[in-house]
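Trainee: Sequence:
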Amino acid sequence: MGCTTRVLDDPRCIEVRYVGTVTADDVGTGLREGLALATENDLWLILTDTSELTSDPSVFALYDLATQLSDAGVARRYREALVAPPGADSLETARFYEDAMVNRGLLARVFATRAEAEAWLVQQERDLSA
Numbered sequence: 001m002g003c004t005t006r007v008l009d010d011p012r013c014i015e016v017r018y019v020g021t022v023t024a025d026d027v028g029t030g031l032r033e034g035l036a037l038a039t040e041n042d043l044w045l046i047l048t049d050t051s052e053l054t055s056d057p058s059v060f061a062l063y064d065l066a067t068q069l070s071d072a073g074v075a076r077r078y079r080e081a082l083v084a085p086p087g088a089d090s091l092e093t094a095r096f097y098e099d100a101m102v103n104r105g106l107l108a109r110v111f112a113t114r115a116e117a118e119a120w121l122v123q124q125e126r127d128l129s130a
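Note that the working numbering has the sequence shown beginning at 1, numbered continuously upward.
It should be emphasised that the hints constitute simulated quantities derived from the structure, not laboratory data.
These numbers were taken from a predicted model, which means no experiment stands behind them.
Backbone N, C-alpha and C define an ideal beta-carbon position, used for all residues, glycine too.
A portion of the hints provided could be inaccurate.
Stated by the list, open to error - Estimated spans, in silico, between C-beta atoms of each pair:
| no. | residue 1 | residue 2 | range |
| --- | --- | --- | --- |
| 1 | E40 | D10 | 27 to 33 Å |
| 2 | A130 | G87 | 20 to 26 Å |
| 3 | R77 | T21 | 28 to 34 Å |
| 4 | T21 | R114 | 17 to 23 Å |
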């Protein structure tokens, strides 16, 4: 079905939300639109909500996404909280993405719930402001 991106006020972050069946093109769209909003708002806290996915994107698409973010030279203030889709296989796929991001020097964490992800982003904002 695709993705949507928007700026949230509480917590203050960029939300990239994927729903239904997601293709590699959808992942690319989320990346481009999310980076555009982040740059426009100088806001590098990203909430990626995949909790409503009905299929996992390929690990190749996720690997490519991490590479593109790294190559884009995103600010070192970049923090991404990913709400994992339901299911053990999906969680494993999400953890692969987290590892790919961390291996490129970008901070990303996977969470089982949106509330946990939002709390982590709030803490990251505090840490960056200190």
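Trainee: Indicate, hint by hint, whether the structure satisfies it.
Mentor: So, going through the hints one by one against the coordinates:
In this structure, E40 and D10 break the distance hint of 27 to 33 Å, their C-beta atoms being roughly 19 Å apart. For A130 paired with G87, a C-beta distance near 37 Å fails the hint of 20 to 26 Å. Between R77 and T21 the CB atoms are about 32 Å apart, so this pair conforms to the stated range of 28 to 34 Å. A beta carbon spacing of about 20 Å between T21 and R114 agrees with the range 17 to 23 Å that was offered as a hint.
Consistency with the previously given hints fails for numbers 1 and 2, ordered from lowest to highest.
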